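> Protein sequence lines, in the order shown, are assigned to chains A and B.
If you count the first sequence from 1, position 91 lands on 91 in full-length UniProt numbering, and the numbers rise without skipping.
If you count the second sequence from 1, position 24 lands on 24 in full-length UniProt numbering, and the numbers rise without skipping.
Keep in mind the hints are simulated off the structure, nothing from the lab.
It is possible that some hints are incorrect.
Straight-line distance between alpha carbons at most 30 Å, and here's what the computed DSSO-like set of lysine-lysine pairs gives [as the list claims (entries may be wrong)]:
1. B:317 <-> A:94
2. B:80 <-> A:317
3. B:205 <-> B:60
4. A:277 <-> B:28
5. B:80 <-> A:277
6. A:80 <-> B:277
7. B:60 <-> A:306
8. B:94 <-> A:277
9. A:202 <-> A:246
10. B:277 <-> A:95
11. B:7 <-> A:261
12. A:60 <-> A:28
13. A:56 <-> A:132
14. B:306 <-> A:60
15. A:232 <-> A:132
16. B:261 <-> A:7
17. A:95 <-> B:284
18. A:284 <-> B:94
19. A:306 <-> B:95
20. B:80 <-> A:284
21. A:7 <-> B:284
22. B:7 <-> A:284
23. B:94 <-> A:306
24. A:28 <-> B:284
25. A:94 <-> B:306
26. B:284 <-> A:94
27. B:28 <-> A:284
28. A:284 <-> A:246
Here the structure is a predicted model, which means the values were calculated and not measured.
Read off the chains here:
Number of protein chains: 2
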Amino acid sequence: MKIYCNKSELYRALNNAIQAVPSRSTSKILEGVLIETKEDEMIITGTDTFMVVESKLSAKCDGIADFVAPAALFANIIGKLPSEDVMMEYDSVKKVLSIQSGRYRSEVICFDSTEFPKVQMKEPQKSITLNKESVRKLIRKTAFSASADEINGILTGVLCEIGDGNFRMVAVDAFRMAIYNEPLEDSIDAFKVVIPAKQLNKMSKIISDDGDETIRMELVDEKAVFFFDGTKVTLNTMNGRYIDYKRIIKVDSTTEVRIQKDELIRSIDRASILTQKENNNMIKFDIQDDLLEISALDNQGNMNEKIEIIQKGEDLKIGFNSRYMMEILRSIDDEEVVLYMRDNVSPCIFRPLQGERYLYLALPIRIN
Amino acid sequence: MKIYCNKSELYRALNNAIQAVPSRSTSKILEGVLIETKEDEMIITGTDTFMVVESKLSAKCDGIADFVAPAALFANIIGKLPSEDVMMEYDSVKKVLSIQSGRYRSEVICFDSTEFPKVQMKEPQKSITLNKESVRKLIRKTAFSASADEINGILTGVLCEIGDGNFRMVAVDAFRMAIYNEPLEDSIDAFKVVIPAKQLNKMSKIISDDGDETIRMELVDEKAVFFFDGTKVTLNTMNGRYIDYKRIIKVDSTTEVRIQKDELIRSIDRASILTQKENNNMIKFDIQDDLLEISALDNQGNMNEKIEIIQKGEDLKIGFNSRYMMEILRSIDDEEVVLYMRDNVSPCIFRPLQGERYLYLALPIRIN
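Next up, chain A with everything else stripped away, as it sits in the complex:
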């Protein structure tokens, strides 16, 4: 059984599938990718059982075969082949895959496909078409705020919500929240689903800049399935009730600060040099007279710096974790941002100058 294909296409498909492959597993078969051949295409599948990535490429195959190749080794070999033309041959008796390219020959020991976990899917209950770039943007701007600790259950997931003409993602952990809205072109029936942030992040890595402009999303059997660029990504959804995020964001602010985002980022970066992890990376804001003074202090020294702002309302002294502040500010594209605060224990809310595209929230750290 021979397969002829293009090296770059094979490498791209392999690297997509590998996103779902655990680097270490108790089962050798999960460290592999499933290769399935049809007459004129090849499908490469990787999974850690939570996430399945199936990536297709054009190939001339003179037969049907399926086998599991060791993922990391296979990708490493393909990435370094001397020529764009690749000829592969699978020997199902010896379970050996031969790879030829130019004057290079290699044999790789493979596994039977029988033990590889394959998902049988029913018909989708819901199917929607989204802008591919929007999906990538939504993930990048929210998923970092989900809890990284499995103990927090559903908060390790991102709420994906369709309604009011928006596709919205929401992520919350104990200290901050991210909400981002992308307007939908077509009206779609409202729905909600929670998807693990870790898997969404992995998927966003394989959403390429070129290829399709849209992404199809299907909901089926408690799974969310995404189709784009010849790739199918199946993610588990999470059960349980997501937090009522709208209740959290109702803060009657008494201090509003309009600020140049990049200037604030650079200043917090300088402040972070003199903060200590044991002290929650604390930086202090002192807001008065249209100036925001940032200060930090640890046992090696201290710093302070003043930034011009447009201040509305009362003066305020408030402390934050510099890392959380930076993650929020770096995910904002606008040049300016408005911070809404009340006192040094109430959350600080980040919003754009106009509109409601995003909302970030950071809990302050109590200043001693």
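Given chain A's structure and the hints, the job is docking chain B onto it.
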């Protein structure tokens, strides 16, 4: 005591000095850099006691002071300052250094300079002027071959030898050797000195592309002192007799292989995917009919690839450590290289097509 200087110049000098500063030391003072001010310059010194780097920069100082600032923190702050203008002030009573730049203010806790190790040097016994780029090239092309294991004593050093119109560096460990010659413009009295490879590598990192064209080298008190770009680097030399390298390189070759270097590098790179550390990263060369077949084998699979060569003499099967091969080939600039071999236990020698600028030697691995 106030110091005015330029941020970029200060940052460059600091980063030079930091090359010699241990990232962790039992003594806090060694994790710092010594700052000395004169009327119109500032000298920054870092040392791990084996190596001393003193870097100068222009500065307007209204007094003389010396103190020790924590190196990593100080460099981190300077690198991120908002403006090119830096004003510093040292308070010798509080032992605090204030740093100002734009609207940024910082205070850093410093140490007394009294405990900082300062070397008093005698008059140099020898002083020579070398091409700066040549010195950097010599280090890059040889020092990697020195032994990394302190147990090997003088073999952790690089022999620097002046004679026959060349500045030569030689590095040897148990498995390979590197010799590189740079022609000297002026005739200089012959001498030999052995300098630790680790320190030479650190020094080569601070030899900049611009600045001076030459480097002055002085020998004094069993130290080698290098002057370039306003920086002075003092390195300990090593006592003891260096190996008689000329004796090793006398191999009567019976097989000569002329090869495209980059093609060989790419092929060994592909072979390395299927070699194992426990097996000394072994790759095999099979030389016959003007072809070099490279092969490798581990428990995941195997590979082989043929490269066209110009062969003189007998056919040969010989094994090598792929890592050592790569390090040697990557330090060669020529497009083609000639390998001289005798049998599968005698060393393989790498030489240019013409001339004697370099000689590398690799011991084969016995093929089972």
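> Each of the hints needs a verdict: does it hold here or not?
Consistency of the hints with the structure:
1. B:317 <-> A:94: holds, 28 Å
2. B:80 <-> A:317: The hint holds at about 25 Å.
3. B:205 <-> B:60: This hinted pair holds, its Cα atoms lying about 28 Å apart.
4. A:277 <-> B:28: Measuring from Cα to Cα gives roughly 21 Å; hence the hint holds.
5. B:80 <-> A:277: Holds, because 20 Å separates the two Cα atoms, which is no more than 30 Å.
6. A:80 <-> B:277: holds, 20 Å
7. B:60 <-> A:306: holds, 26 Å
8. B:94 <-> A:277: holds, 26 Å
9. A:202 <-> A:246: Holds: residue 202 of chain A and residue 246 of chain A sit about 28 Å apart, inside 30 Å.
10. B:277 <-> A:95: Answer holds: residue 277 of chain B to residue 95 of chain A is near 25 Å, not above 30 Å.
11. B:7 <-> A:261: holds, 24 Å
12. A:60 <-> A:28: Given that 30 Å is the threshold and the Cα spacing comes to 29 Å, the pair holds.
13. A:56 <-> A:132: holds, 18 Å
14. B:306 <-> A:60: OK: residue 306 of chain B and residue 60 of chain A at ~26 Å, within 30 Å.
15. A:232 <-> A:132: Roughly 13 Å separates the two Cα atoms, so the pair holds.
16. B:261 <-> A:7: Measuring from Cα to Cα gives roughly 24 Å; hence the hint holds.
17. A:95 <-> B:284: This hinted pair holds, its Cα atoms lying about 25 Å apart.
18. A:284 <-> B:94: Holds, at about 24 Å.
19. A:306 <-> B:95: Answer holds: residue 306 of chain A to residue 95 of chain B is near 25 Å, not above 30 Å.
20. B:80 <-> A:284: holds, 19 Å
21. A:7 <-> B:284: holds, 26 Å
22. B:7 <-> A:284: Between residue 7 of chain B and residue 284 of chain A the Cα gap is close to 26 Å, so the pair holds against 30 Å.
23. B:94 <-> A:306: At roughly 25 Å apart (the allowed maximum being 30 Å), residue 306 of chain A and residue 94 of chain B satisfy the hint.
24. A:28 <-> B:284: Satisfied, since the Cα-Cα distance of roughly 29 Å is no more than 30 Å.
25. A:94 <-> B:306: holds, 25 Å
26. B:284 <-> A:94: holds, 24 Å
27. B:28 <-> A:284: The given pair, whose Cα atoms are some 29 Å apart, holds under the 30 Å limit.
28. A:284 <-> A:246: Holds. Residue 284 of chain A to residue 246 of chain A sits at ~28 Å (cutoff 30 Å).
The structure meets every hint from the earlier list without exception.
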